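Dock chain B against chain A, hints included.
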Amino acid sequence: MSELLKVPTMAEFMAAGKQPEVLFWVGCAGSFDDRAKKITKAFVKLLNKANVEFAVLGTEESCTGDPAKRSGNEFLFQMQAVTNIEIMNAYEIKKIVTACPHCFNTIKNEYPGLGGNYEVMHHTQFLKALLSEGRLTIEGGQYKGKRITFHDPCYLGRANDVYEAPRDLIRKLDAELVEMKSCKSRGLCCGAGGAQMFKEPEPGNKDVNIERTEQALETKPQIIAAGCPFCNTMMTDGVKNKEKEQDVAVMDIAELIANAQDL
Amino acid sequence: MEYLPQLLFAIALVLGIGYFAKNVRKLSRNIKLGRDLDISDNKSQRWKNMAMIALGQSKMVKRPIAGILHVVVYIGFVVINIEVLEIIIDGLTGQHRVFSSLGSVYGFLIGVFEVLAVLVFVSVIIFWIRRNVIRLKRFLSSEMKGWPKNDGNNILYFEMVLMTLFLVMNATDLKFQAMDSGNIVSQYIAPWFSNFSENTIHMIERSAWWLHIIGILIFLNYLYFSKHLHILLAFPNTYYGKLTPKGQFENNETVTNEVKMMMDPNVDPFAAPAEGADATVPAKFGASDVQDLSWLNLLNAYTCTECGRCTSECPANQTGKKLSPRKIMMDTRDRLEEVGKNIDANKGEFKEDGKQLLGDYITNEELWACTSCNACVEACPVSIDPLNIIMQMRQYLVMEQSAAPMELNNMMTNIENNGAPWPYNQMDRLNWKNES
Chain A
1 MSELLKVPTM AEFMAAGKQP EVLFWVGCAG SFDDRAKKIT KAFVKLLNKA
51 NVEFAVLGTE ESCTGDPAKR SGNEFLFQMQ AVTNIEIMNA YEIKKIVTAC
101 PHCFNTIKNE YPGLGGNYEV MHHTQFLKAL LSEGRLTIEG GQYKGKRITF
151 HDPCYLGRAN DVYEAPRDLI RKLDAELVEM KSCKSRGLCC GAGGAQMFKE
201 PEPGNKDVNI ERTEQALETK PQIIAAGCPF CNTMMTDGVK NKEKEQDVAV
251 MDIAELIANA QDL
Chain B
1 MEYLPQLLFA IALVLGIGYF AKNVRKLSRN IKLGRDLDIS DNKSQRWKNM
51 AMIALGQSKM VKRPIAGILH VVVYIGFVVI NIEVLEIIID GLTGQHRVFS
101 SLGSVYGFLI GVFEVLAVLV FVSVIIFWIR RNVIRLKRFL SSEMKGWPKN
151 DGNNILYFEM VLMTLFLVMN ATDLKFQAMD SGNIVSQYIA PWFSNFSENT
201 IHMIERSAWW LHIIGILIFL NYLYFSKHLH ILLAFPNTYY GKLTPKGQFE
251 NNETVTNEVK MMMDPNVDPF AAPAEGADAT VPAKFGASDV QDLSWLNLLN
301 AYTCTECGRC TSECPANQTG KKLSPRKIMM DTRDRLEEVG KNIDANKGEF
351 KEDGKQLLGD YITNEELWAC TSCNACVEAC PVSIDPLNII MQMRQYLVME
401 QSAAPMELNN MMTNIENNGA PWPYNQMDRL NWKNES
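Protein sequences appear in the order of chains A and B. Numbering-wise, my numbering puts 2 at position 2 of the first sequence, and it's gapless, one number per residue. Numbering-wise, my numbering puts 374 at position 374 of the second sequence, and it's gapless, one number per residue.
None of these hints come from the bench; they were simulated from the model. Each hint should be verified, as a subset may be incorrect.
Said to hold, decoys possible - Just the calculated beta-carbon pair ranges, DEER-fashion:
| id | chain 1 | residue 1 | chain 2 | residue 2 | range |
| --- | --- | --- | --- | --- | --- |
| 1 | A | Asn259 | B | Ile134 | 43 to 51 Å |
| 2 | B | Phe270 | A | Asn48 | 52 to 60 Å |
| 3 | B | Phe270 | A | Asn259 | 56 to 64 Å |
Claimed, not checked - On the chain A side, residues computed to face chain B include the following (Cβ under 10 Å):
| id | residue |
| --- | --- |
| 4 | Asp33 |
| 5 | Gly65 |
| 6 | Arg212 |
This one's a predicted model, so the numbers in the text were calculated from it and none came from an experiment. The beta-carbon is built from N, C-alpha and C at its ideal position, and this holds for glycine as well.
Same shape as in the complex, but just chain A:
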């Protein structure tokens, strides 16, 4: 299957004298994390299916600086930001899509002040747009009637008020969308944000991802849907901790849609 993936780079577009419709910002997790790479590929399959002319930066992409900024290292963040902005401005990039809410938030909100102005979309928003433009069709397939709960990523939901795009996509799968007791603007964090992903938690009586997984499991879901590679990791760990991995799958929305179309 993998040889069928078309993943052109910006450099290739440039060499051909062309401009892609959108830049797919893969992000560090999407590039290097084994679980997140599957999300990246699922999303690429959907882009290929919808004949979207996209490109990636490939080896020219670098961390947005989000974990550095949230750790307090504003200096490193801004160094990363201006370097990325320099590259993207040189390629005259106008529109960006990413499957990582942290990259999404940083490029959309924090890059403009440093000279990087782009239209930035989360992949769930982009997929929804493809759908309403008729470029992509979704059928429920294997997920028809399945109980799915959606975990709001903080940097997509509260941080940027995107609550409906991912839910609309789940509904399109003819699945039964069930909400956790804390959802949307009151969604509970998975525990990875603010650079917590990269460190041990402070002493307490529970890990945040366990608390959140318990809330998710209360809805008796067959699938916990996520829209963020870090949430995905945290929830997957939580489900394993509860020894529920046989019954409950943690899947990105892009994977659900790609699988439903047997891509």
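What follows is chain B alone, placed relative to chain A:
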């Protein structure tokens, strides 16, 4: 002798309002100790937010029980205070119920006040029960011990007493009862006093009247020392609240200047500053004390009414970590008060006291437990942003002290060296394409 009550009233009024004005000036000075921040944009949106969030209580009702009870007390407070206007005119001119000439309108107004007084009284009792009998978890956190706990109850006692005095004052006002208009509630209280002589009833009425207005003046002056300041500061605080997406953290300008210098090959880092150029030492990176925070952070701190909605939504706090966003705000206010007193005691100059917000009030452990999820910001009914303070203090820890936890230092070294938080080679970034 005839004018003695009026004179006493005028003195009480001048003392009460004068002392309050003095403390307001102190409050304003303390807030201005904060770093400058220009918030002059989007005026119409800001007025709208103030109207919705502060005046309209839109975020209070997100929690219906506390929200609706609060709306009752709030409306009661605002409406019953119209009565204070009459009391002041009466007190200064020696008249009695000067507005009663309005006739049925007056009866209607007082009737509304009496009903509200009862509703406020009941709501306040329920609030007291929530704090002291049901003992809701968010009122029992470690930062709520001592003064904050007493403060919360004091306010409730104040309101109980003031509402009681208002109703007793009406019930024992024989002329008012004889009007039989507007005494919706007090007519049922009046019989309690029917065994007393007319003279005694009059004495009770006068006492209730005086205690009521003196109580209000004391309550006004209590504000500055209390979490109850929110009844005033919620308005400016919601006006100046953040309008940009919650996920957008401000870019530190001091750092931007440094980064620009580094990226510009034409800059001579050793050049002497140009003649007349601003040669001040660059501000320190991030915040370790209240003066490093912005004036908005400090206004936030004075506005906080310690309701604890932020803390109860905080994922770190929910899972037993030390971090409590409410404590961040309370610590900021306590330290700011300490700095203010220091300035008062040293003829307007702050004298180094060997203490600071970081370490002496807020510990590193609290700061590192934050997931930056914005739940606290979303939960605050008056647009306070504890996360902004946490992030400024993390900046100080990392950029001034290199005091990040070791794993975070590793993560940052990775980003610096190979453009990802993990030790992977940047040249391998597209390898996923060819992996099955």
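Verification of the hints:
| no. | hint | result |
| --- | --- | --- |
| 1 | A:Asn259 - B:Ile134: 43 to 51 Å | holds, 48 Å |
| 2 | B:Phe270 - A:Asn48: 52 to 60 Å | holds, 54 Å |
| 3 | B:Phe270 - A:Asn259: 56 to 64 Å | holds, 60 Å |
| 4 | Asp33 | holds, 8 Å |
| 5 | Gly65 | holds, 7 Å |
| 6 | Arg212 | holds, 8 Å |
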